[in-house]
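Visitor: Listed here are the chains, written in short residue letters.
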Amino acid sequence: MSKRLVITGLGATTPLGGDVKSTWDAALAGTPGAKTLEHDWVEQYDLPVTFAAEVAVEPAEVLSRPETRRMDRSTQLGMVAAREAWADAGLEDADVDGERLAVSFATGIGGVWTLLNSWDTLREKGPRRVLPMTVPMLMPNGASGAISLAFGAQAGARTAVSACASGVEALIMAMDLLNSGEVDVVLAGGTEAAIHPLPLAAFANMQALSRRNDDPGAASRPYDIDRDGFVMGEGAGALIIETQEHAEARGATAYAELAGGAVTSDAHHITAPDPEGQGATRALRRALASADASETDVTHVNAHATSTPLGDVPEYVAMKAVFGQHLESICVSATKSQTGHLLGAAGAVESVLTVKALADRKAPVTINLDNQDQKIPLDVVTGSPRELRADDQVGICSSFGFGGHNAVAAFRTV
Amino acid sequence: MADKNAILAGLAEIVEEETGLETEEVQLDKSFTEDLDIDSISMMTIVVNAEEKFDVKIPDEEVKNLTTVGDAVTYIANAAG
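Those protein sequences? They're chains V and F, same order as listed. Taking this note's numbering, the leading residue of the first sequence gets 640, the next gets one more, and so forth. Taking this note's numbering, the leading residue of the second sequence gets 25, the next gets one more, and so forth.
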């Protein structure tokens, strides 16, 4: 028996801003988050891609020095977003039972900076200088563990790791925890901090990254005919999800309902999407079914839309298969045009944006869409935010990842 | 014999960097675990940073004998000759 689940707190630190408000305001205005990287290592390694979307606010400005020393950058960003969501939900002063509080926090890559910095230390200075905290800092569950510790969550600390689908998958794992009846509140989300020369070189060699080095702000252009790859981003998003019963009992206000969600796997190719989008189609259908929603309830989709030539098309194919004629009435936002691609945090940040869109009845804009690819005839929100209708409706957030992962979450207005 | 005051000051900086404690709190009579709440992992980080800063070796088996800040200062002073 599935319970009614509501979202009562939001947190984010992104290339657009250091919190939800600044990120949301920028997303409505249409703000390119990507910039030329100012690090010595760009020139040192002669990287083929010289730009990315780094967070607007360095976590070291927000966290204490011991915290930054003992947490990988990915955990630092996750902690910043988690704290905002926790405070936003009014949980600082609430009496939450730790044994019924869980964490579900995702990452795509985990502590890649720690892993590679430690390897550099070993080679340059020897094994004695390798930090004793190296393992807990680099492990993919580092963020979920640290967050569970910070908030006293004793009902489980799960880590979704499904590449760029991780952030949405974390929400679906949160639903499972809440529907088990053993948990009242989940601090869910995703984080990523992988703007390091190695992942940049590796993604570039896959031909996955945009090479628009001379104009970083125009590089992430989902659905545009001249798109040439995604833009690496970093950041974190966090959501407090609780049973409606628990939220009502403590008098909390809900932004939206987490109505449903589903994951599927393509079993088609390790990196390439199924051109027919069959896995994505099944995920969409199952997410709507679990939300007890019909296709026509959906007014808004925050699409995965990474800006790769191949990837943007199958998602449209899947949406067309599920929504048919009604797709013309759905407004689509491709916010990676602004934030870049936050990998394992993407689905978490985009879920925050989807929830904000439903709560404020406003869909954020897609930038850089100058010539829409005719193979993708979606109603894309460009120029200025789109007003959503006033009555009850459903918004969708989709994420897909290397490995053939598809994850779709369905949110409903409250 | 190295200057113990200089060692204390340098060690206090290392402790501050690792734990966020004010350098003034790092006094000779303070216990790393009881007074400064430093766990074994932080202690190892402090030891390794001290080895580099003072150009000494502090074997792992010696670390458990360094109960107080004063113990560490004395050990480093002797090891540095």
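Rather than coming from a laboratory, the hints here were simulated on the basis of the structure. A hint or two may mislead.
[What the hints assert, rightly or not] Straight-line C-alpha distance at most 25 Å; calculated DSS-like pairs for lysine-lysine:
| # | chain 1 | residue 1 | chain 2 | residue 2 |
| --- | --- | --- | --- | --- |
| 1 | F | K77 | V | K764 |
| 2 | F | K28 | F | K81 |
| 3 | V | K674 | V | K764 |
| 4 | F | K81 | V | K764 |
| 5 | F | K77 | F | K28 |
| 6 | F | K28 | F | K54 |
Visitor: Each hint: holds or not?
Guide: These are the hints, each one checked on the structure:
{"no.": "1", "hint": "F:K77 x V:K764", "result": "13 Å, holds"}
{"no.": "2", "hint": "F:K28 x F:K81", "result": "17 Å, holds"}
{"no.": "3", "hint": "V:K674 x V:K764", "result": "33 Å, violated"}
{"no.": "4", "hint": "F:K81 x V:K764", "result": "14 Å, holds"}
{"no.": "5", "hint": "F:K77 x F:K28", "result": "14 Å, holds"}
{"no.": "6", "hint": "F:K28 x F:K54", "result": "15 Å, holds"}
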